[in-house]
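Novice: If you want the building blocks of each chain, they are given just below.
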Amino acid sequence: MTAAATRRPGTPAGRPGRFETLRLDGVSRSFGGHEALADLDLTIRRGEFIALLGPSGCGKSTALNCLAGLLPLTRGSIWQDEARLDVLPPERRGFGMVFQNYALFPHLSVRRNIAFGLQMRKVPRAELRRRVDEALRLVHLQEQAGKLPGQLSGGQQQRVAIARAVVLEPSLVLMDEPLSNLDAKLRLEMRTEIRRLHQSLGLTTVYVTHDQEEALSLADRLVVLRAGRVQQIGPPEQLHAEPANWHVADFMGYRNLLPLTAGPRRGAGIVVEIEGHELVGTPVGDPAPGSAVMAAVRPEDLIIGPGLPATVEVVEYQGREVAVEARTAGGIALSLLSADRPAVGDRIAVTVEPRRLLVFPS
Amino acid sequence: MSARPALRHRLAERGVDRQLLLLLPAALFVVTLFIYPFLYGVGLSFQPTRGGMLGAYREFFTDAYLRDTILTTLRLSLPAALLNVLASVPIAYRMRGRFRGKRLVTTLLVVPITLGTVLTAQGLLNFLGPTGWFNRTLLSAGLVDAPVRLTNNFWGVFFSLVITGFPFAFLLVLSYLSGIDPSLERAAATLGAGRWQRFRRITLPLLAPGLATTFCLTFVLAFSVFPSAVLVGDPSGTTRVMSIAAYDAAYVRYDYPLASAVAVLMGLVELLVIAAVLGWRALLYTGTTAGGKG
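Top line first, the protein sequences correspond to chains A and B.
For the first sequence, this note's numbering puts the final residue at 362, and the numbers step up evenly by one.
For the second sequence, this note's numbering puts the final residue at 294, and the numbers step up evenly by one.
To be clear, the hints were calculated from the coordinates, so they are not data collected in a lab.
Ideal Cβ placement from N, Cα and C applies to all residues, glycine included.
One or more hints might be untrue.
Said to hold, decoys possible - Derived pair list, reagent style SDA-like, types lysine to any residue, alpha-carbon separation capped at 20 Å:
#: 1; chain 1: A; residue 1: K147; chain 2: B; residue 2: G287
#: 2; chain 1: A; residue 1: K147; chain 2: A; residue 2: K122
#: 3; chain 1: A; residue 1: K122; chain 2: B; residue 2: Q197
#: 4; chain 1: A; residue 1: K147; chain 2: B; residue 2: T288
Unchecked claim - These stretches of chain A come out as covered by chain B in the derived footprint (C-beta under 8 Å, 3 or more residues):
#: 5; region: 94 to 102
#: 6; region: 107 to 120
Unchecked claim - Cβ-to-Cβ under 7 Å is the rule here; a few derived chain A residues that face chain B:
#: 7; residue: A68
#: 8; residue: L70
#: 9; residue: P90
#: 10; residue: E91
#: 11; residue: G150
So here's chain B without its partners, still in its complex pose (with noise of 0.2 Å):
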C-alpha cells in the first residue's frame, strides 16, 4: 500500500499553492474596508424613505437636474479621456527612441501628475481666468473686446482633465510602445513601406489594445471628477456631474438613500463604458508585440 502523497502535492495537482492562504489577512481587510461598505451602500440606496424599494432609483430619473448629470459626466469624460489617449500617441510615438534632452521633455509631460487638481485648478484661473495672462494679452493685443470665458464652465473643467489626465495617458501610451520591437518597423520600411503605413499597418495594430486599456483608465479617473467641477466648473449648471449631485444628496439635503443610489449608477455607467471598450478590445491582436526569437 502506498501512503497517501503529502497535503502539498495533492493541492499543486490541483494548482493550489498553500502559500496563497497568507493572502487571507489582507483578504479580509479588503472585505472589511472595501466590500462592506460598498454593499452597505448598494443596500441603504434601496431603502429610500419615501416611494419604495427603487424609490431613489425613482427620484434620480424622474429628476432633470439629477438625470441630467449622466449626461454633463459623459459629455466631460469621455472627450477629455479620448484626447488625453489621441494626444499621447503621436507625441510618444515621437519620443520612443533615444535622443538627447529625452528626460527633461518626459519629466515636462508628467509633472502635472504631481500638481494635484487643486493647485491645477488655481492655476487655471491665474492664468485663463477672465483676469488673467491669457485675456489680458488678448485684450491689450485687441483681439477681442470682452474676455474670453475660459474658467468656470465646461471648459475649465475640461482644461484640468487634460492636463490631470495626459501624464497617465502618456506614461501608459509610452511604456506600450517601447514594447513594441523596433526592428518590425524597419522591416516594413525594407519591404517598401513609408512612414504612414508602418504607423497604420504595424504599430497601431499592435498598440491598440494597449489604448484601450489606457483609454478605461483615464476616462475612469476623468469619471468621477470633483475638485476640478466645483473649482474651474459651474457646479450647478453645465458642470454638474454625478459626482456632485451624490454630495449634493448626502451633505447638503442629507438623503442618504438617494447619494447611494448616485454612486451605484456612477459604478453602472462605468462599467458600461468600459465593458463596451474592453469588448472592442478583445476584437484585436492582444498577443506577442516581439518580432520573433530574441
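Excised from the complex, chain A in its bound form (with noise of 0.2 Å):
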C-alpha cells in the first residue's frame, strides 16, 4: 500500500497552502459576561509580522488564542482568502504556535519534538529526516537534536520551540510572548533571531507583548489593545510619532501623561496652562477648549530651559545621559533626560516645543 493510500481523508498533506490575506471580522470573546475581546478587526497580509501590544489583561493573548483555535470565538470570523477557518478545530488550521512556557514534550528528543507536527501529517520519512536537520540548523541546535528538553537552557528551549513551530512551513506563525521568560541579553539575541527568521523564510508572523520596545523594532504593524478593545492599529512610526490616545501614548513611552484644562487655540496648536505657566502643544483627537485634557511629552523631549520651575527629587546615571525626577511647586512629577548632572535639591526649570507636546481629550 502506498503511503497516499493509508492517509485519512481531510488530514492537511504535505505543506498547508499560502493564503494572501487573513481577516479578522468582528472576533470577540466574553469569559463569563465579561467581554475579553472586543470587535476585533483586522486583516494580515502574507509576509507581514504584527505585534499585539497592551498590558497584561488587555485581551491579547486571547486573541491569539481565538486566531490559533484553542479558544472559540463568541462572536464574530475569521476568514482565511475565502475559506472560513474560525469554524475549524486548531488541528486543522495549519498554523504554527510558540507558548509563552514553550511547551515541549518533556518525553521526547529535541529531535522527535521538532518532528512531532510533521509525522502528524504524515510526510514520508526521507523528506522528515531533511526538514527536521534542516531546522536544527536554522536554529544551532544540531548539537542538542537527542537531547531531552529538560536538560536544555531556556534560550535552548525557545528555539526548540520556534523550530517546532516552523519547521511546517506554517502560513501563520503565532507567538506568545515568546521572549518573556529569558534575561536580557538573551531577549535581545532572539529578538534579532527571530526577526531573521521571519524576513529569512518568508513567514507571517504574529507577536504577543506587552513590552513596546520589543514590539517597535519587530513589527511592520502595531495592534495596541486596551480592555480588550483596539486602540489604534499602524506602522511603528505611526504609533511612536501620533498616537491616537493618551492610553496609547502612555504605552509608547509618553512617561509625563498631565491631566490638565484645554486652554485657547493658538494657531494648529494648542495652549494648556500648568501651575500659571503657558505651553504650547499640539491638540490630537480635537479637545475642546475648556474641557479636561491629557498632555503627554516624552523624557527626552523635556528639555531644560526657561519656562516651568521644579526641583530634582532623583538622579539615575543612564550611561550618555541621565534621567533625572523633578517636582513642580504644586507637586506634578516629571521625567526628563539630562546631559548634564544636576544635583538632587536643585531648582531647574524644563520647557518642551510644541510639537513634542501632543495634548489629548481625557
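Each chain sits in its own coordinate frame; assemble them with the hints.
Specialist: What follows is the structure, encoded as C-alpha cells:
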C-alpha cells in the first residue's frame, strides 16, 4: 500500500496552503459575561509581522488563542482568503504556535519534538529527516538533537519551540510572549533571531507582547489593545510619533502624562496652563477648549530651559545621559533626560517644543 | 593548627542531618510493632508440627485446596485492579478542566471510599442479590426466567473490589493527570494532532508511570481482600482467596505455622506482581511533566 492510500481523508497533507490575506471580522470573546476581546477587525497580509501590544489582561493572548483555534469565538469570524477558518479545530488550521512556556514535550527528544508536526502530517520519512535537520541547523541546535528538553537552557528550549513551529512551513506563526522568560541579553539576541527567521523563511507572524520596545523593533504593524478593545493599528513610526489617544501614548513611552485643562487654540496649536505657566502643544483628537485634557510628553523631549520651575528629586545614571525625576511646586512629577548631571535639590526649569507636547481629550 | 570542624559540619559534609536522630523513637516503634511480628511470623512458618522446616510450605503446595487460592486471588485482584485503572483514565481525562458541578461529580465518584467493605457488601446483596432490585426488575420485565446470580460468587466479590477500589484509582489518576501541563496538548493540537493522537502520543506516555503506580496500589488493596470474599463471595469455593486460607489455618485448624506460611506466600506473590509492574515502569520516561519554564 502506498503512503497516499493510507492517508486518512481530511488530514492536511504536506504543506498547508499559503494565503494572501487573513481577515478577522469582529472577533469577540467573553468569559462569563466579561468581554476579554471585543470587535477585533484586522486584515493580515501575507509576509507581514504583526505585533499585538498591550498591558496584561488587555485581550492580546485571547486574540492569539482565538486565531489558533484554542478558544472558540463568542462573536465574529476569521477568514483565510475566502475560506472560513474559525469553525475549524486547531489541528486543521495549519498555523504554528510558540507558547510562552514553550510547551515542549518533555518525554521526546529535541529531534522528535521538531518532527512531531511532520509526523502528524504523515510526511514521508526521508523528507521528514531532511526538514528536521534543516530546522535544527536554522536554530543552531544540531548538537542538542538527541537531548530531552529538560537538559536544555531556557534559550535553547525557546529555539526548539520556534523550530517546532516553523518546520511545518505554516501559513501563519503565532507567538505568545516568547521572550518573556529569558534574561535581558538573551532576549535581545532572540529578538534579532526571530526577525531574521521571519524574513529568511518568508513567514507571516502574529506576535503578542507587553513590551513596546520589542513590538516597535520587530513588527511591520502594531495593534495596541486595551481592555479588550483596539486602540490603534499602524506601523511603528506612526504609533511612535502619532499615538491616537493618551492610552497609546502611555504605552509608547510618553511617561509624562499631565491631567490639565484645555485653553484656547493658538494657530495649529493649543494652549494648556500648568501652575500659571502657559505651554503650547499639538492637539490630537480635537480636545474642546475648557475641557479636561491629558498632555503627554516623552522624557527625552522635556528640556531644561526657561519655563516651568521644578526641584530635582532623583538622578539616575544611564550611561550617555542621566534620567531626572523632578517635582513642580504644585506637586506634579516630571521625568526628563539630561546630558548634564544636576544635583538632588537643584532648582531647574523645563520646557517643551509645541510639536513634542501632545494634548489628548481625557 | 586549625581546630577540628564541629561535629555538625563533619556530618553535614557526609550528607548526614543530625536532626534525623529524632526519628529514632519512631523507628523503634516500627521495629517492635511491625518488624518483630513480621519476622516472628516468618520464623513460625518454618517451624511446623510435622514435615521438617519446609513442611508448611510443602503442605500448601501439595494440597490443591490451598494451592489454588493463589490463582483464585490473582483471578480476582488482577482484573479488578486493571479495570479500576483503565476506567479511571477516561473519566479523569474528561474531568481535568474546570466545569460546573465538578465538585459534585468528584464527590459521587469518591464516596464509596467512605462506605467500607461491609456496607458495600450489604448494598450489593440488596441490589444484586437473588431478590434484589436488579433481579426483580429483570424478572418483572420478563427479560429472565430465573434470577441472575451476581452475589455469593466470583462476580459479587469482583463488583465489591471495583466499587471500593475505583475511588482510589480515580483520585490518583486525576492527580497525576492534573500534573501534566495542559499547554502540551494545546501545542500538539496546533501541530496538527487530533484528539486521539494528542492523548496517545502526549498525555498517555506522561501518564503511564502514574498508571503503573496506581495499578500497584489498587492491586495490593484488592489482593488482601477478605471481608467481601466472605460476605458477597463463595468463601469455600470460587472466591476462596489466600486470606481466607490463612484465616482457616489459624483460627479453624489452629495451625499457626501453616497460616504464617500462607501469609508469607501472599507477600511474595504481591511482591512478584509489583516488581514486574515497576520493572515495566522503569522503562518509561519518568521525568518532569512540565512543558518548559513556568
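Novice: If a hint holds in the structure, say so; if it doesn't, say that too.
Specialist: These are the hints, each one checked on the structure:
With a CA separation close to 13 Å, the supplied pair K147 (chain A) and G287 (chain B) stays within the 20 Å bound. A C-alpha spacing of about 24 Å is found between K147 (chain A) and K122 (chain A), which places the hinted pair above 20 Å, so the restraint is violated. For the suggested pair K122 (chain A) and Q197 (chain B), the alpha carbons sit about 13 Å apart, so the restraint of at most 20 Å is met. The hinted pair formed by K147 (chain A) and T288 (chain B) meets the criterion: a straight-line CA distance of about 14 Å does not exceed 20 Å.
Three residues within the 8 Å Cβ limit are the bar, and the region 94 to 102 of chain A against chain B gives 7, so the coverage statement holds. With 4 residues bearing a CB less than 8 Å from a CB of chain B, the region 107 to 120 of chain A meets the requirement of three and the coverage assertion stands. Nearest Cβ of chain B to the Cβ of A68 (chain A): about 6 Å, under the 7 Å cut. The hint holds. Taking 7 Å as the C-beta contact cut-off toward chain B, the hint placing L70 (chain A) at the interface holds, the least distance being around 5 Å.
Taken as an interface hint, P90 (chain A) checks out: its beta carbon lies about 4 Å from the nearest beta carbon of chain B, inside 7 Å. Contact between E91 (chain A) and chain B, as hinted, is supported at the beta carbon level, the nearest pair being about 5 Å apart and thus within 7 Å. Interface hint at G150 (chain A): satisfied, since its Cβ lies 6 Å from the closest Cβ of chain B, which is below the 7 Å cut-off.
The structure shown violates just one earlier hint, number 2.
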